[in-house]
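Modelling step: build the complete structure from the supplied sequences, incorporating the hints.
Protein chains: 2
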Amino acid sequence: MITRSEQRAAQEHALEYFQRASIAITQKEAERIEVVDNGLGKLEETGLEILTYVNTERVCAKELVLFPRQTCPEHWHPPVGNDPGKEETFRCRWGTVYLYVEGESTSNPKAKPPKGREQTYTVWHEVILQPGDQYTLPPNTKHWFQGGEKGAIVSEFSTRSRDEFDRFTDPQIRRETVVVE
Amino acid sequence: MITRSEQRAAQEHALEYFQRASIAITQKEAERIEVVDNGLGKLEETGLEILTYVNTERVCAKELVLFPRQTCPEHWHPPVGNDPGKEETFRCRWGTVYLYVEGESTSNPKAKPPKGREQTYTVWHEVILQPGDQYTLPPNTKHWFQGGEKGAIVSEFSTRSRDEFDRFTDPQIRRETVVVE
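First to last, the sequence lines map onto chains R and W.
Mapping the first sequence onto my numbering, position 73 (from 1) lands on 186, and the numbers just tick up by one.
Mapping the second sequence onto my numbering, position 125 (from 1) lands on 238, and the numbers just tick up by one.
Hints may contain errors.
Given that identical chains are not distinguished, each listed pair holds provided it fits within a single copy or across any two copies.
[Stated by the list, open to error] Distance condition first, Cα-Cα at most 25 Å in a straight line; then the derived SDA-like pairs of lysine to any residue: (1) Lys155 / Arg171; (2) Lys141 / Val236; (3) Lys175 / Pro197; (4) Lys263 / Asn168; (5) Lys223 / Arg273; (6) Lys225 / Gln132; (7) Lys255 / Arg171; (8) Lys141 / Gly245; (9) Lys228 / Ala143; (10) Lys175 / Thr165; (11) Lys228 / Thr282; (12) Lys223 / Thr139; (13) Lys263 / Pro191; (14) Lys155 / Gly198.
In short, the hints are calculated from the structure, not lab data.
Right under this line is the structure:
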């Protein structure tokens with residue numbers, strides 16, 4: 114749960130990131146930047162800011178903003194009916210993003226999970242993305258990511274987003290953000 | 114047909130566009146910028162420069178560079194087997210792009226087709242895209258586009274690119290660019 118004023122402040126902050134990275138967005142887009150707290154109410158630790166450019170039956174494209182050390186928590190995109198699950202490519206546009214995926218665990222990883230929730234972070238193969246770097250993730254595989262010291266902007270190119278089917282390792286996480294006045 | 118030195122010059126020129134727009138690309142990506150002359154050998158009139166970020170079975174993302182008044186000629190993406198055809202979203206990142214699609218013809222359109230090839234441009238519903246503007250095109254519909262006075266960078270978010278199935282109104286057009294030493 115976040116307040117309306119926290120939501121607005123995070124939208125403004127995300128807009129500054131877009132300006133810093135020279136990513137042009139329209140006024141209408143600025144007003145619909147999605148602020149996600151994953152239900153934990155600690156936006157500076159867990160969550161992200163999303164601008165969805167397009168989400169058709171077949172293709173989705175977004176910009177993701179991560180504030181400094183903000184963490185998108187561990188989740189995966191399971192098959193839905195005939196769909197094998199959402200496939201995603203993350204491309205870093207600005208800043209640094211620490212991405213963790215299934216595979217051999219990295220010793221001395223650069224990111225730390227939010228305090229008290231360490232046990233809900235189980236995949237530790239580290240991929241460091243700087244501007245111009247990208248990584249394609251197959252469907253139905255666990256992943257999480259964190260912004261570096263300055264935060265990050267990441268373009269996501271994917272199949273259709275069906276957020277309601279996302280699965281999270283942390284049972285307290287909710288995809289929907291409740292905003293109170 | 115273009116020469117190797119024309120190809121290299123166009124890659125360098127496209128790279129300047131990316132730098133101008135603060136779009137970070139890697140050295141390896143810079144070296145594989147695709148220079149397309151559509152077989153006409155007049156790159157400054159007909160063609161475009163393409164950096165494909167990703168092209169999986171399901172999703173494709175590219176940056177397209179159009180030099181000033183450079184024209185991507187009229188074409189469409191037909192169904193292929195069970196695939197209804199490529200669906201594309203064009204998002205202008207920098208400069209201006211004049212996009213023409215099926216629909217009511219626009220009087221006094223801003224773009225002019227390359228001289229001598231006017232009869233191969235048949236759709237005239239004009240969409241003007243400035244930075245932050247975008248347009249989603251259904252599969253199997255004719256379209257063409259031209260960079261404005263300064264040129265343009267356009268992000269393309271789409272289903273899989275299968276260039277070999279593209280259909281062009283101009284029978285002299287070829288999708289493949291032949292490069293000679």
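**OP:** Evaluate Lys263 and Asn168 at a C-alpha cut-off of 25 Å and name the case that applies: within, between, both or neither.
**Re:** For Lys263 and Asn168, neither the intra-copy (28 Å) nor the inter-copy (30 Å) Cα distance is at most 25 Å.
Subject >> Identical-chain pair category, Lys263 with Pro191, by Cα at 25 Å >> reply: neither (32 Å within a copy, 45 Å between copies)
Subject >> Intra- versus inter-copy proximity for Arg171 and Lys255 (alpha-carbon distance at most 25 Å) >> reply: This pair counts as both: shortest intra-copy Cα distance 22 Å, inter-copy 20 Å.
**OP:** Using 25 Å as the alpha carbon limit, work out where Lys155 and Gly198 are close: within a copy, between copies, both or neither.
**Re:** neither (28 Å within a copy, 43 Å between copies)
Subject >> Status of Val236 relative to Lys141 across identical chains (alpha carbons, at most 25 Å) >> reply: Classified as neither; 37 Å inside a copy, 29 Å across copies.
Original post:
Is it within, between, both or neither when you check Lys141 against Gly245 at 25 Å Cα-Cα?
Top reply: between (27 Å within a copy, 10 Å between copies)
Original post:
Between Lys225 and Gln132, at a C-alpha cutoff of 25 Å, which is it: within one copy, between copies, both, or neither?
Top reply: neither (28 Å within a copy, 33 Å between copies)
Original post:
Checking Lys228 and Thr282: alpha-carbon separation at most 25 Å within a copy, between copies, both or neither?
Top reply: within (15 Å within a copy, 60 Å between copies)
Original post:
Between Lys155 and Arg171, at a C-alpha cutoff of 25 Å, which is it: within one copy, between copies, both, or neither?
Top reply: Cα proximity of Lys155 and Arg171: none, with 33 Å in one copy and 35 Å across.
**OP:** At 25 Å max between alpha carbons, let me know whether Lys175 reaches Pro197 within a copy, between copies, both or neither.
**Re:** Classified as both: same-chain Cα gap 20 Å, cross-chain 24 Å, threshold 25 Å.
Subject >> 25 Å Cα threshold - placement of Thr165 relative to Lys175 >> reply: both (4 Å within a copy, 17 Å between copies)
Original post:
Can you tell me if Lys223 and Arg273 fall within 25 Å by alpha carbon in one copy, between copies, both or neither?
Top reply: neither (31 Å within a copy, 34 Å between copies)
In terms of the numbered hints stated before, the structure departs from hints 1, 2, 4, 5, 6, 9, 13, 14, listed from lowest to highest.
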